[in-house]
Every structure is written in structure tokens, then in C-alpha cells.
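Residues per chain are reported as follows:
Protein chains: 2
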Amino acid sequence: MNRAILLDKRPVGKPTLEDFKFIEEENPAPAEGQVLLKTLFVSVDPYLRGRMSSAKSYIPPFQLNEPIQSGIIAEVTESRNPDFKVGDFVSALLDWKEFQVSDGKDLVKVDGDAASLSSYLGILGMTGLTAYLGLTEIGKPKAGETLVVSGAAGAVGSVVGQIGKILGCKVIGIAGSDEKTRILTSKFGFDAAINYKTSPDLKTDIKNVAPDGVDIYFDNVGGVISDAVLANINQFARVPVCGAISLYNDTEIALGPRLQPILVRNSVLMQGFIMFNYATKFPQAIKQLTTWLNEGKLTYTETIVNGFDQIPQAFIDLFEGKNEGKMIVKI
Amino acid sequence: MNRAILLDKRPVGKPTLEDFKFIEEENPAPAEGQVLLKTLFVSVDPYLRGRMSSAKSYIPPFQLNEPIQSGIIAEVTESRNPDFKVGDFVSALLDWKEFQVSDGKDLVKVDGDAASLSSYLGILGMTGLTAYLGLTEIGKPKAGETLVVSGAAGAVGSVVGQIGKILGCKVIGIAGSDEKTRILTSKFGFDAAINYKTSPDLKTDIKNVAPDGVDIYFDNVGGVISDAVLANINQFARVPVCGAISLYNDTEIALGPRLQPILVRNSVLMQGFIMFNYATKFPQAIKQLTTWLNEGKLTYTETIVNGFDQIPQAFIDLFEGKNEGKMIVKI
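Going line by line, the protein sequences match chains A and B.
Using this note's numbering, you'd call the opening residue of the first sequence number 81 and step up by one each time.
Using this note's numbering, you'd call the opening residue of the second sequence number 81 and step up by one each time.
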């Protein structure tokens with residue numbers, strides 16, 4: 081029997097295991113033109129929380145009693161499609177199922193020899209593209225500028241900071257533990273890192289390490305951390321708004337200081353985005369990321385959890401900051 | 081004797097007459113290379129409130145016991161500078177004084193025959209440039225899109241709406257009286273206008289006149305009006321943030337719904353600006369505005385108050401919405 085994970089209830093606030101339902105179904109068999117895919121690696125991402133709500137957004141909400149989807153690396157185990165052979169590895173948005181069929185249309189082949197398979201869910205996949213495109217297309221970093229990254233030890237954040245360094249910025253990371261801030265400076269080359277959980281005055285702590293102010297703020301979290309960064313923002317600063325993980329589980333709209341006066345006073349640009357907005361630039365971005373990776377200029381961290389039955393918990397753990405870098409479930 | 085108006089106290093909250101001080105001084109006399117200027121028209125603008133605070137901003141704060149400055153049209157009444165002759169009209173940022181001298185460096189000559197002198201403080205001056213450049217450079221309107229303008233009956237707002245119509249947008253204005261909304265649709269050609277003071281549910285009222293959502297929101301006001309517009313915002317919307325008049329007099333930072341989730345969910349761009357950011361585009365912008373004005377495609381309204389001693393009150397009245405269109409004091 082084949083296992084699948086469905087959305088059982090729309091989460092209210094923080095997602096719980098009760099929001100998900102495991103079912104068993106017949107093993108799928110590929111029809112003519114289809115391939116059978118075996119799930120190898122599953123990406124769990126904060127943005128999935130949005131799709132679990134019924135609210136209108138950039139991608140349609142998940143349906144109740146239907147499988148959740150996310151980025152998955154799978155192996156072709158049976159092929160009735162001439163474009164794929166058994167043993168091919170592919171990347172795609174797929175269902176949370178152990179096995180599934182596909183007509184091959186949205187599958188992208190990945191090369192397991194050129195890089196680790198899981199890296200195609202991370203540094204060479206959505207994570208790397210989000211970091212690279214958000215930073216370069218919206219942040220437009222110039223050498224010598226100061227870049228602050230929140231959620232800096234997360235999958236996207238750690239890549240953003242490294243790219244900022246490659247491009248000549250002073251890079252400051254904000255993260256939620258001393259272990260994370262240590263890694264940011266020692267492993268990822270950030271110039272400074274602040275633990276927001278132990279900072280007595282985040283605004284002042286940022287000012288101390290960014291005395292010239294903040295030119296680019298790559299915002300992964302929203303909330304009070306962003307307030308403290310924006311209090312240090314420079315004229316003509318750019319703020320790519322990538323995520324707001326601190327707010328995703330709120331059941332009421334969170335209140336915070338109104339931003340318009342800060343934006344006007346300093347001619348600040350804030351722009352929400354998803355990487356799909358820049359789809360025409362994917363090939364160039366992946367090429368650049370691969371080059372930096374092969375040159376040893378980029379490194380990445382994965383938190384790999386084992387077992388199909390661990391997917392919901394791994395997703396829930398994102399909101400507790402239990403991951404370091406990209407959170408992936410290996411099946 | 082010559083009269084001048086100084087900043088006596090930094091306003092706390094709403095400015096009052098007590099924040100200003102009238103003084104008399106010796107009549108100024110131009111030295112070699114200077115001209116003597118007689119003030120004819122004085123522009124009072126919401127942004128001046130920012131310069132009355134000591135907070136760091138895009139232009140230095142006014143100093144206590146020094147004259148306030150704003151956009152002024154003056155006449156050259158004595159010239160010891162070969163570039164200017166008696167009877168020339170000029171536009172510049174000048175002191176709130178009846179007479180003052182200048183070395184001529186920052187004076188721009190204006191043609192009183194081509195357009196009314198006061199129009200160089202409005203539609204052909206800072207007002208028109210702010211409207212045109214904010215809308216075209218940040219809002220990037222496309223024909224068929226829906227544009228919402230707050231503070232729509234104000235100096236900038238009424239021009240923004242008209243330019244939106246010229247460029248083929250559906251234009252909705254938000255203003256604070258039935259008289260203003262009537263003028264927006266009857267005189268300025270807006271497709272619809274909403275009186276936020278009598279609207280029982282601004283979010284729904286906007287939705288009713290903008291059923292396809294809002295593609296561009298030209299924000300002059302901030303606060304709860306902006307909340308209602310942003311609740312109707314479309315994917316890839318652009319929000320030029322021109323001002324936040326509803327917030328300028330707050331003594332504490334106003335709280336409102338956090339914007340990051342809206343920005344991310346819809347890939348929205350918000351950008352604060354002042355027209356000086358686009359100084360290289362002034363000549364092209366003024367040319368375009370003059371063309372539209374001469375073609376009868378643009379019209380404008382001025383509220384003209386008479387008398388040098390009325391300048392502070394005219395400024396204060398801006399925050400009560402007592403002006404219709406550009407507020408100008410004629411000396």
C-alpha cells in the first residue's frame with residue numbers, strides 16, 4: 081500500500097499534528113506516457129503555512145482531504161514516457177506521497193553526480209533562487225553597503241548573507257540562539273550576528289554593529305525584529321520582504337508601528353516577492369549559484385529528518401526554529 | 081521694517097500658532113551680486129511639519145529662532161546681479177519673510193505670461209512634480225488598471241487622479257467631505273470617490289467601486305484609510321507612499337496592522353519617495369505637465385489665503401483638510 085498525507089483541518093494558529101491525516105491507498109500504476117515516481121527527499125517550507133489557510137494568495141490554497149504538495153526530489157522507478165528512464169532523478173512540486181505518477185510535464189531532471197540530490201531542494205532550488213533573486217532584484221546590493229538579514233540561520237537567510245558577502249556588503253544576521261549566531265559568523269562569514277532572544281535592546285544592538293545604518297534589509301520574519309531593523313534604516317534603503325514567519329500563525333492581524341512615515345522620511349522601498357516572479361531569470365541564477373558553490377564561495381546547511389511519517393512534525397518544527405538551514409525529510 | 085516668521089517651538093502633536101513667532105527686522109539691502117526679492121506667493125505644505133521636528137529626515141530640520149522656509153514665488157525689486165533684472169519673477173525655497181536677498185544661485189525664473197504665477201508652486205511646481213513622478217516612476221500605471229488615491233482632493237491627489245485618467249486607469253479618490261468627493265468626480269474626472277468620514281465600512285466601499293481590486297495605491301495619508309485600501313490590493317500592486325498626513329502630528333508611533341504578510345502574499349511594492357529623488361526627470365516632467373495643461377487635460381484648484389500674517393494659520397489648516405487643492409498664501 082502507498083501512503084499519503086492529506087490536509088485534514090485548516091490550522092488555527094500554530095499547525096499541529098491533528099491538522100494532518102495519513103491515509104493508505106492502492107499503489108499507483110503509470111498509464112501510457114506516465115512515469116512512476118518514488119519520493120526520496122521532501123522539502124518543508126514556511127510558505128506552506130499560507131497554502132493551508134483558505135485565504136486568497138499567490139498560489140491556490142490546499143484543499144481539505146487532498147494531499148499537501150511541496151518541493152520533492154524523486155526517482156523514476158517505472159517509465160512509460162520516452163523522456164524519462166528508470167533511475168532518473170527529478171525535482172518538482174509533488175504530493176506528499178511515497179509513490180505517485182506523473183505525465184512528466186513539470187518534472188525537472190537533476191544530476192545527482194554534480195551536486196547532492198537534496199541540494200536541489202535547497203541551495204540549487206527554491207531556497208537558493210529565493211535568496212539570490214530577492215537580494216539581487218530587489219535589494220540591489222552595492223559593495224560597501226550594510227545588509228541585515230533576519231531569520232539569518234534559516235535556509236534562505238544563510239544564503240542571502242553569503243551572497244551579500246560575495247557582493248562586497250557588510251552583513252549582519254539576526255537569529256534566535258547563540259549557537260545559530262556562532263554559526264553565522266564562523267561558518268557563513270557574516271560580519272556580525274545578534275541573538276534577538278537575548279538582546280535587551282535589539283534596535284541599539286543593531287545600531288552598534290551597523291553604525292552607518294542599514295542599506296538593505298532582507299526580511300524573513302516580520303514583527304518586532306523588523307521594527308528594530310527599520311528603526312536603523314538608511315535613506316534609499318531596499319527591503320525585500322521574503323517572509324513573515326513570526327506572523328504566519330497569528331489568528332488575528334498583528335499590530336505594529338505604522339511604516340508609512342519611515343518609508344516617506346527615508347525614501348525606502350519595501351517589496352514582497354516570491355521567486356516565481358522572476359522565473360525568466362532562473363537559468364542565470366542557477367548558473368551563478370552553481371559557480372559560487374563549485375568555487376567554494378557558498379556553503380549550506382541542511383537539517384535532514386528521516387521518515388515519511390515525520391513530514392508533518394518537521395514542518396511544525398520550522399515555526400520553533402528547530403532547523404538549521406534547509407529543513408528536508410529523507411524518505 | 082521687514083517682517084519674518086521664525087520657528088519658536090517645535091510643535092508637539094498638531095502645530096499651533098504659539099509655535100511660530102513674528103519678528104520685525106531692518107529692511108535687507110542687496111550687496112554686489114545679490115538681488116532683493118519681494119515675496120508674492122508662499123506655499124504651505126504638509127511636509128513642512130516634518131522639518132519642524134528635530135528628527136533626522138531627508139532635509140535638515142528647521143532651527144529654533146530661525147525663519148521657516150518653503151516654496152515661494154518672488155519678484156526681483158532690486159538687482160545687483162547681471163542674471164536678474166527688476167520685474168523678474170522667480171521660484172525657490174525661500175524664507176518666510178516679506179523681503180529677502182539672494183545671490184541668485186538657487187532661483188528659477190518663471191514666466192508669468194505662460195501660466196499664473198501661483199501655478200509654479202502647484203501644478204507646475206512641487207505639487208505637479210510629486211504627482212507625476214510618484215505615479216509614473218513608482219506606480220507605473222498601465223491602461224485598464226485601477227488606481228486609488230487617498231487625500232485625493234488635496235494638491236497632489238487631485239493631480240495624481242487626473243494623470244491616472246489621462247493614462248487610461250480607472251481612478252477612485254478618497255477624501256474627507258461630500259463636497260470634496262463631488263468635485264473629484266465632477267471637476268477632476270475621477271470615476272468614483274468615497275467620503276471616508278461617512279463611510280460605514282471603507283474596505284467594503286472600496287471593494288464595491290473597485291471590484292477587480294487595486295493595482296496602484298497612491299498613498300498621501302497613511303493610517304486606517306490605507307489599511308482599507310491595502311485590504312483590496314492586487315497581486316503585483318505598486319504603492320507610492322507620498323505622505324502620511326494622518327500620522328504627522330502623532331506624538332507616539334501609531335500602531336496599525338503589520339504590512340509584511342500583505343506585501344508577501346501579493347508581491348506588493350511600497351516605496352516612500354520625495355520628488356527630489358527624481359531631479360534628473362524634472363525638465364521632462366514639467367514639459368509633459370505643461371503640455372497637458374495647455375491641452376486642457378489637466379485642471380487644478382488652489383485655496384488662496386491673503387496676508388503674510390496668515391501663513392502659520394494656513395499651514396495649520398492643512399491638517400484640518402480646510403484646503404481644496406494647493407494651499408497658497410498671497411502676500
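Simulated from the structure, these hints should not be mistaken for lab results.
Incorrect hints may appear among the rest.
If chains are identical, the list can't say which one is meant, so a pair holds when it fits in one copy or spans any two.
[As the list claims (entries may be wrong)] Result set (DSBU-like, lysine-lysine): computed pairs, CA atoms no more than 35 Å apart in a straight line:
{"hint": "1", "residue 1": "K118", "residue 2": "K277"}
{"hint": "2", "residue 1": "K165", "residue 2": "K220"}
{"hint": "3", "residue 1": "K89", "residue 2": "K283"}
{"hint": "4", "residue 1": "K287", "residue 2": "K89"}
Quantities reported herein were computed from a predicted structural model and do not represent experimental measurements.
Consistency of the hints with the structure:
In the homo-oligomer, the alpha carbons of K118 and K277 never lie at most 35 Å apart, since the shortest distance is 41 Å inside one protomer and 60 Å across protomers. Within a single copy, K165 and K220 get their C-alpha atoms no closer than 42 Å, and across copies no closer than 48 Å, so neither meets the 35 Å cut-off. Taking CA atoms no more than 35 Å apart as the test, K89 paired with K283 passes between copies only; the shortest distance there is 29 Å, against 39 Å inside one copy. Within a single copy, K287 and K89 get their C-alpha atoms only as close as 43 Å, which misses the 35 Å cut-off; across copies the closest is 30 Å, which meets it.
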